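S.K.: Sequence order for the protein chains is A and B. Residue numbers for the first sequence, in my numbering: 1 to 325. Residue numbers for the second sequence, in my numbering: 326 to 650.
A portion of the hints provided could be inaccurate.
Stretch by stretch, here's where chain A covers chain B in the computed footprint (C-beta under 8 Å, at least three residues) [what the hints assert, rightly or not]:
#1 451-462
#2 589-602
In the DSSO-like style, the derived pairs of lysine-lysine whose C-alpha atoms are separated by at most 27 Å in a straight line are [as the list claims (entries may be wrong)]:
#3 B:445 x A:120
#4 A:120 x A:71
#5 B:471 x B:629
#6 B:443 x A:120
#7 B:427 x B:599
#8 B:427 x A:102
#9 A:264 x A:283
#10 B:600 x B:396
#11 B:358 x A:33
#12 B:427 x A:14
#13 B:471 x A:102
#14 B:427 x B:471
#15 A:264 x A:304
#16 A:33 x B:396
If you are wondering where the hints come from, they were derived from the structure by calculation, not from laboratory data. For clarity, every value in this text was computed on a predicted model and none was experimentally measured. In this text, a Cβ means the ideal position worked out from N, Cα and C, and glycines have one as well.
Protein chains: 2
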Amino acid sequence: MHNLIEKMFMTEFKNPALESRHDSAVINLEGKKLAFTTDSYVVSPLFFPGGDIGSLAIHGTINDLCMSGAKPQYISAGFIIEEGLPMETLWKIVQSMQEAAKNAEVEIVTGDTKVVDKGKGDGVFINTAGIGIIEHGLTINPSSVKQGDVIILSGDIGRHGIAIMAQREGLEFETTIESDSAPLNGIVQNLLNAGIEIHCMRDLTRGGLASALVEIAEASNHNINIIESEIPVREDVKGACEMLGFDPLYVANEGRLIVILPEKDADKAISAMKKSEYGHEAKIIGKVTSENKGKNLYGFVTMKSRIGAARIVDMLSGEQLPRIC
Amino acid sequence: MHNLIEKMFMTEFKNPALESRHDSAVINLEGKKLAFTTDSYVVSPLFFPGGDIGSLAIHGTINDLCMSGAKPQYISAGFIIEEGLPMETLWKIVQSMQEAAKNAEVEIVTGDTKVVDKGKGDGVFINTAGIGIIEHGLTINPSSVKQGDVIILSGDIGRHGIAIMAQREGLEFETTIESDSAPLNGIVQNLLNAGIEIHCMRDLTRGGLASALVEIAEASNHNINIIESEIPVREDVKGACEMLGFDPLYVANEGRLIVILPEKDADKAISAMKKSEYGHEAKIIGKVTSENKGKNLYGFVTMKSRIGAARIVDMLSGEQLPRIC
Chain A
1 MHNLIEKMFM TEFKNPALES RHDSAVINLE GKKLAFTTDS YVVSPLFFPG
51 GDIGSLAIHG TINDLCMSGA KPQYISAGFI IEEGLPMETL WKIVQSMQEA
101 AKNAEVEIVT GDTKVVDKGK GDGVFINTAG IGIIEHGLTI NPSSVKQGDV
151 IILSGDIGRH GIAIMAQREG LEFETTIESD SAPLNGIVQN LLNAGIEIHC
201 MRDLTRGGLA SALVEIAEAS NHNINIIESE IPVREDVKGA CEMLGFDPLY
251 VANEGRLIVI LPEKDADKAI SAMKKSEYGH EAKIIGKVTS ENKGKNLYGF
301 VTMKSRIGAA RIVDMLSGEQ LPRIC
Chain B
326 MHNLIEKMFM TEFKNPALES RHDSAVINLE GKKLAFTTDS YVVSPLFFPG
376 GDIGSLAIHG TINDLCMSGA KPQYISAGFI IEEGLPMETL WKIVQSMQEA
426 AKNAEVEIVT GDTKVVDKGK GDGVFINTAG IGIIEHGLTI NPSSVKQGDV
476 IILSGDIGRH GIAIMAQREG LEFETTIESD SAPLNGIVQN LLNAGIEIHC
526 MRDLTRGGLA SALVEIAEAS NHNINIIESE IPVREDVKGA CEMLGFDPLY
576 VANEGRLIVI LPEKDADKAI SAMKKSEYGH EAKIIGKVTS ENKGKNLYGF
626 VTMKSRIGAA RIVDMLSGEQ LPRIC
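Could you build the full structure based on these sequences and the hints that come with them?
M.R.: This is the structure in structure tokens:
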């Protein structure tokens, strides 16, 4: 259904900003470059280990904005509230949003609330739209990816999806798996301040690390090779994935990104990323391995597994977890 | 519930942009003034005479932006789709949005779709956020309202609310009452181009003409007097209101505005408004009648009725129509 809808929207709304297919639209306002984005949040349950729908709605929109290198500044918040939602619940969510906004140094400047009858919603849905300023002169886009570039991942993967699933299904592990939900604008700002020539960035949301890499490989006409043993996955997440039949490569994250940049800048970039609270574990997980070899050979992601074999990493086929964001 | 929620948000998110309590936030981006706004649309039914949730979502956000005199430019669209919504329905809505955007010369540049399980939504909810540029140097705000100013209304009132109610309740009238849903940016741009010193503007949405006037009277510390016989209400709307027990003064509109400006500019303003398709019926309906006379005397709206009596127009007490936008 999602693909169908996307095609519908791309056909109907087509314009240069939309067609860039970035997480956010880049718009030109009389010489100033702005990023503009929107996301609705329908996560279920509303509260989960490591976050809630409110902080998630702030982090998600911040992250979409900063993937184009924008500095997120202003956020709008639209609430669709199901009649009967306890005011205390709403209050907790609103406070969580405000705290998340404050921590990430963005302002919620405009909002709206609508109430729908009981049974016509699900507690609360939140839409956030965001505006950021683009001050750099880089082209942060799959088209800038070059052979020899390194792929840097900001931290361990798979926690958000598993935290939601565990909560939803009432699963208990020895330790609580907390969502990685976090704002990534600090990491991006550190990279830009360090003068890193960022070629491409992606935050890892639905479809996980694998989907982000495949999208970039396809869009850039390059091949990407990653090394399984370099990709951090916490033991408890690994265990939960095995139990639930998920591959951590495809599980959603809400506070992780990959950055693709020239190998010569790698050390500088990693230390810049590590200065941020959410980039402590930044490391190289792979490389852009080959030039475009023609129409039939672009866009493959391969992974060298722990036992040394190479496998092709494909887009996730079949159902993704519903309502994880 | 709505008042409670508003108080909660104002307390938690407080900042200068939000506290202006305009329909849109005015933000300063390195010397450029922008308007930024958001609204979710949960109207039921999705299609009604004169419009649908798609065109409404575009018009509503355009209108919120231009009430500060901004020129609406970019729109985001977030869809929350209930599983099982026929794709054809969605397609019709998307096309209607695109057509509304094109007619009003705004671009939909970024979007998002989420799908929720059947029974957890209601067909589709749409959030639109919008960005506009403010190029004028006026302070369009209740604080600019002055004694002697005229109140100009752009057209007949009450049609949107009645169109929705009639559709929802299966009422049939001799003629179909169509919603007045329309973009108001053309009218506003004409006023600005004509060099009119606009003091205040309000689009008439929930709570209708009465609520907009009372809000301005209260916020400006002035009294406002309107003349019932000058307020256009179509005969069929009047009849439907009588039947349903509504007062047209309080019924929602989605394509009407009031403009408050100096009497000397009134003729020029009316002819500027009439140049727009949606301002043909623009006329003076009242005046700002008195200076603030101290704490206890501010903020009254009075209406001279057809039989010559004066009545106080108050905020709507009690329930408003649910889910009309």
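S.K.: Against the earlier hints, flag every one the structure doesn't satisfy and list their numbers going up.
M.R.: Going through the list in order, the structure violates hints 2, 4, 8, 13, 14 and respects the others.
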